[in-house]
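*Asks:* What follows is the residue order along each chain.
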Amino acid sequence: MSWIENQLRDALGRRQPPEGFAERVMERIGREGAATATRPVVMERRPVLHRTWFRFAALAACVALIVAGSLVQLRLERQARERARAEQAFAALQLTAGKLHSVRARIVSVGLFKKAEEE
Amino acid sequence: MTEWESGEALAAAIRGDAAGFAHLVREHQAMVFSIAYHFLRDTARAEELAQETFLHLYRNLETIESPAHLLYWLRKVISHRCIDETRRKSRRGATVALDAIAEPAERKSDRDPFLSAALRKMVAALPEAQRAIVVLRYQEDMEPGEIAEALNIPLNTVKSRLHRGLEFLRRKMERMA
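For the protein sequence lines, the chains are A and B, in the order given. The opening position of the first sequence corresponds to residue 1 in my numbering, with each subsequent residue numbered one higher. The opening position of the second sequence corresponds to residue 120 in my numbering, with each subsequent residue numbered one higher.
The set of hints was computed from the structure by calculation and includes no laboratory data. Any given hint might turn out to be false.
To be verified - Quick partial rundown of chain B residues pointing at chain A, CB under 7 Å, derived from the structure:
hint : residue
1    : Leu-238
2    : Met-241
3    : Ala-267
As the list claims (entries may be wrong) - A short list of chain B residues far from chain A (calculated; beta carbon distances all over 10 Å):
hint : residue
4    : Glu-127
5    : Ala-130
6    : Gln-148
7    : Asp-161
8    : Glu-166
9    : Glu-262
10   : Gly-264
11   : Arg-289
These numbers were taken from a predicted model, which means no experiment stands behind them. Just so you know, even glycine gets a beta-carbon here, dropped at the ideal spot from N, CA and C.
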């Protein structure tokens, strides 16, 4: 047994209640003993908000919500960036296609002109 | 005054004999009062709770099966009442500073009375669940299993709270030294 346990045994010894305790109990029983309504012995439960596990659970739920919210936000931002990049690429392709088309038209018209001259 | 053999007073009290019940009160008053006193550190409230416990016993005598059961029942009821009382008090916001707790006259002891007084104050500052376990363990010499049964909590909870309570007290004592 540890030192602190020995000290506790010594410090928490039994002590007698104030003089006349038993007489006062018997008097009270004489007055109230027959009453049927008794206070329930069941230990009162602490309100949920005061319980340690509830505080930890609430804290964990808040952290989980913040993390989940941040992940969703990051994902939405990435999707928006990808969409903008795709639109940019599409516009560039359209521009290139337009240029190629005009070049081809010119080549065709020059070819037709030379052919007419030779004839 | 009638002299009672063990168990006779209980049987007489169950039959409605007031002298038998008074004997039970005298036999167990120190135990019931001390649990309440070490828990609340308030003589008047401790007496009030002890009286209520005996009144409750009087109304439920027919449920008591033996002297051992009576001892178990009294320890259980007074512990629960003390915990309820402390929770009610803390919900009302009534807190007592450690230094404001009155220290009654010391018992004669060959140990250091200042150390014992300091320890009692520190025990009074423990959270109510730990305090009940420490009082039942070191005042009543109850085993952790018995405490678990009396307080309706798992054995491992009793062991961990007892360990944490002792650690807290040890650290406080070291700091004080």
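*Asks:* Please check whether Ala-267/B passes as an interface residue: C-beta within 7 Å of a C-beta belonging to chain A.
*Replies:* Violated. Min distance 13 Å.
*Asks:* Beyond 10 Å from chain A, beta-carbon-wise, is Glu-262/B?
*Replies:* Per Cβ check, Glu-262/B is outside 10 Å of chain A; nearest 14 Å; holds.
*Asks:* Does the claim that Asp-161/B lies outside the interface with chain A hold up, using a Cβ gap greater than 10 Å?
*Replies:* Check passes; 12 Å lies beyond 10 Å.
*Asks:* Taking C-beta pairs only, is Glu-166/B more than 10 Å away from all of chain A?
*Replies:* violated, 6 Å
*Asks:* For the hint on Met-241/B, just tell me whether its beta-carbon gets within less than 7 Å of chain A.
*Replies:* It is violated, given that the least Cβ distance between Met-241/B and chain A is near 9 Å, above 7 Å.
*Asks:* Any Cβ of chain A at or closer than 10 Å to Ala-130/B, or is the non-interface label fine?
*Replies:* The claim stands: Ala-130/B keeps its Cβ more than 10 Å from every Cβ of chain A (closest is about 18 Å).
*Asks:* Grab the minimum beta-carbon distance between Gly-264/B and chain A and tell me whether it stays above 10 Å.
*Replies:* holds, 17 Å
*Asks:* Is Gln-148/B truly not at the interface, in the sense that its beta carbon sits beyond 10 Å from all beta carbons of chain A?
*Replies:* violated, 5 Å
*Asks:* Checking a non-interface call: every C-beta of chain A should be farther than 10 Å from the C-beta of Glu-127/B. Is that right?
*Replies:* holds, 17 Å
*Asks:* Far enough from chain A: is every CB of that chain over 10 Å from the CB of Arg-289/B?
*Replies:* violated, 5 Å
*Asks:* Per the CB criterion, is Leu-238/B less than 7 Å away from chain A?
*Replies:* At about 4 Å, which falls below the 7 Å cut-off, the nearest Cβ of chain A leaves the hint on Leu-238/B intact, so it holds.
Comparing the model with each earlier hint shows violations of hints 2, 3, 6, 8, 11; every other hint is respected.
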